[in-house]
Amino acid sequence: MSELKFSEDHEWILIDGDVGTVGITEFAQEQLGDVVFVEVPDEGKDLEKGDEAAVVESVKAASEVYAICDGEVIAGNEALADEPSLVNSDPMGEGWFYKAKITDASQLEELMDEAGYKTFIEGQG
Amino acid sequence: MSEDLKKTPLYDLHVELGAKMVPFAGYSMPVQYPAGIMTEHKHTRASAAIFDVSHMGIVRLMGENAIPALESLLPADLENLSENSIRYSFFTNDEGGILDDLMITKVPGGLSLVINAACKDADIAHIKSKIGDQVTVEVEYDNALIALQGPKSVDVLARFDARCADMKFMTFMTLEIDGVNCQVSRSGYTGEDGYEIAIPADKAVAIVRRLLDEPEVEVSGLGARDSLRMEAGLCLYGNDIDTTTTPIEAGLLWAIQKRRRAEGGFPGDDIILKQIADGAPRRLVGILPEGRAPLRPGVEIANAEGDVVGKVTSGGFGPSVGGPIAIAYVASDYKTPETALNALVRGKEMPCKVVKMPFEQKSYFRG
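Chains as they are written, first to last, in numbering that gives the first Met the number 0: chain W, 0 to 124; chain B, 0 to 366.
Be aware that a few hints might be false.
[Said to hold, decoys possible] Label pairs and their computed distance ranges (CB to CB):
{"hint": "1", "chain 1": "W", "residue 1": "E82", "chain 2": "B", "residue 2": "K257", "range": "50 to 56 Å"}
{"hint": "2", "chain 1": "B", "residue 1": "V14", "chain 2": "W", "residue 2": "E77", "range": "38 to 44 Å"}
{"hint": "3", "chain 1": "B", "residue 1": "K347", "chain 2": "W", "residue 2": "D8", "range": "20 to 26 Å"}
{"hint": "4", "chain 1": "B", "residue 1": "S331", "chain 2": "W", "residue 2": "E82", "range": "35 to 41 Å"}
{"hint": "5", "chain 1": "B", "residue 1": "M172", "chain 2": "W", "residue 2": "E77", "range": "53 to 59 Å"}
{"hint": "6", "chain 1": "B", "residue 1": "M172", "chain 2": "W", "residue 2": "E121", "range": "49 to 55 Å"}
{"hint": "7", "chain 1": "W", "residue 1": "S1", "chain 2": "B", "residue 2": "E304", "range": "49 to 55 Å"}
[Unchecked claim] Calculated cross-link-like contacts (lysine-lysine; reagent style BS3-like; alpha-carbon spacing at most 27 Å):
{"hint": "8", "chain 1": "B", "residue 1": "K347", "chain 2": "W", "residue 2": "K98"}
{"hint": "9", "chain 1": "B", "residue 1": "K347", "chain 2": "W", "residue 2": "K48"}
{"hint": "10", "chain 1": "W", "residue 1": "K117", "chain 2": "B", "residue 2": "K19"}
{"hint": "11", "chain 1": "B", "residue 1": "K257", "chain 2": "B", "residue 2": "K310"}
{"hint": "12", "chain 1": "B", "residue 1": "K310", "chain 2": "B", "residue 2": "K334"}
{"hint": "13", "chain 1": "B", "residue 1": "K355", "chain 2": "B", "residue 2": "K334"}
{"hint": "14", "chain 1": "W", "residue 1": "K44", "chain 2": "B", "residue 2": "K347"}
These aren't lab readings, by the way, just hints derived from the structure by calculation. We put the CB at the ideal spot given by N, CA and C, even for glycine.
Build the full structure now, drawing on both the sequences and the hints.
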């Protein structure tokens, strides 16, 4: 059974065993506007929580996506190279950024569940 | 958002239309509406869009000495500017740098200037201290200023006042729009045909609503204004030009007319005229990246040997180009179109090349 969690940086992680799929939320893509470029991490890259894991650029500006937890990248979403707008059209699905093997599951405990994240973004207006 | 941000007469309308408001040059301005920058940009190129540019300043210099007085501060030939014609120029400093760029219209009895929001107060102080004894300086506070831009602008505006169709690019006329006298220029900052329209503040919302009722017209924010002007290869003050860049480095020689090149008589003329004769050490060029990664301001440009030879001053995504575009200063040895260079982005070399600007061809009405 997979589990969906959220960070205060507007990232989501879908946890399935020791593998996590990471992306940005609907709220984040709305804030960014039209996404024109995404740089995802290469397979094999070791990420520590808080590292710059990916870059997402809208027409207006570049933003960093920080690693949500420690892990080793299994795959970056190569589809985003040709179709960065997937982040806008399907941020929680086909617009995923990378999959990683989670090396410190304890870091996931401080993340929010869906209801908690919903409350969190309401506070952000 | 900060309490002390100024609001334009169209502020409430922007909020009503769902704009995302951001602080810009001391004003709360719409960066985009729900349609988004990409859609707003493409709509402007295809049809017509309204931009609120009320944050810009309008200053009139009145009196018989207005022309020689203003010519002492900038390198445009105003003596040979005919009535109701407009010229682009820039205030220079003693080092040949640029204090601000502006539009100058010759009006009955003087000159009307449109200056940048962020430089407004400094410009007015500069004018008053240098030539305040030779002209009457009138600062216009009571107008809204909008830009109606795009190929369908003429069709739209002609429904209100047919005379707009005969105006040539870079000319000025008072038109009657919905019963209100408005000061209209055929000009803009998008690379498209269009108009810039000064409207009395209390009538601005009503007129903008009337224009938005026309089927061709949508609203557009500062985000699209920036991507449109980049594609058109137009300089943004504070990014591409500032007190440390000369007009020759910025490729603005075309805005220094022959008489001024011959006679000088503006701040920094020794440096600028020398660069006209001998060339400038660096030049502003268009940069087209090979990949899809946008090059943002501050990104360094290197030659094949890895030596840094330039820096991006404006850059992002060009919605009509369909890819990233940038404007950069490069050492003059590298200014030739098709020169291959590398942009240094996040520690990686990204191949790019020098290109001629504009990235998108302009279509102005020359009559």
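Contradicted hints - numbers only: 11
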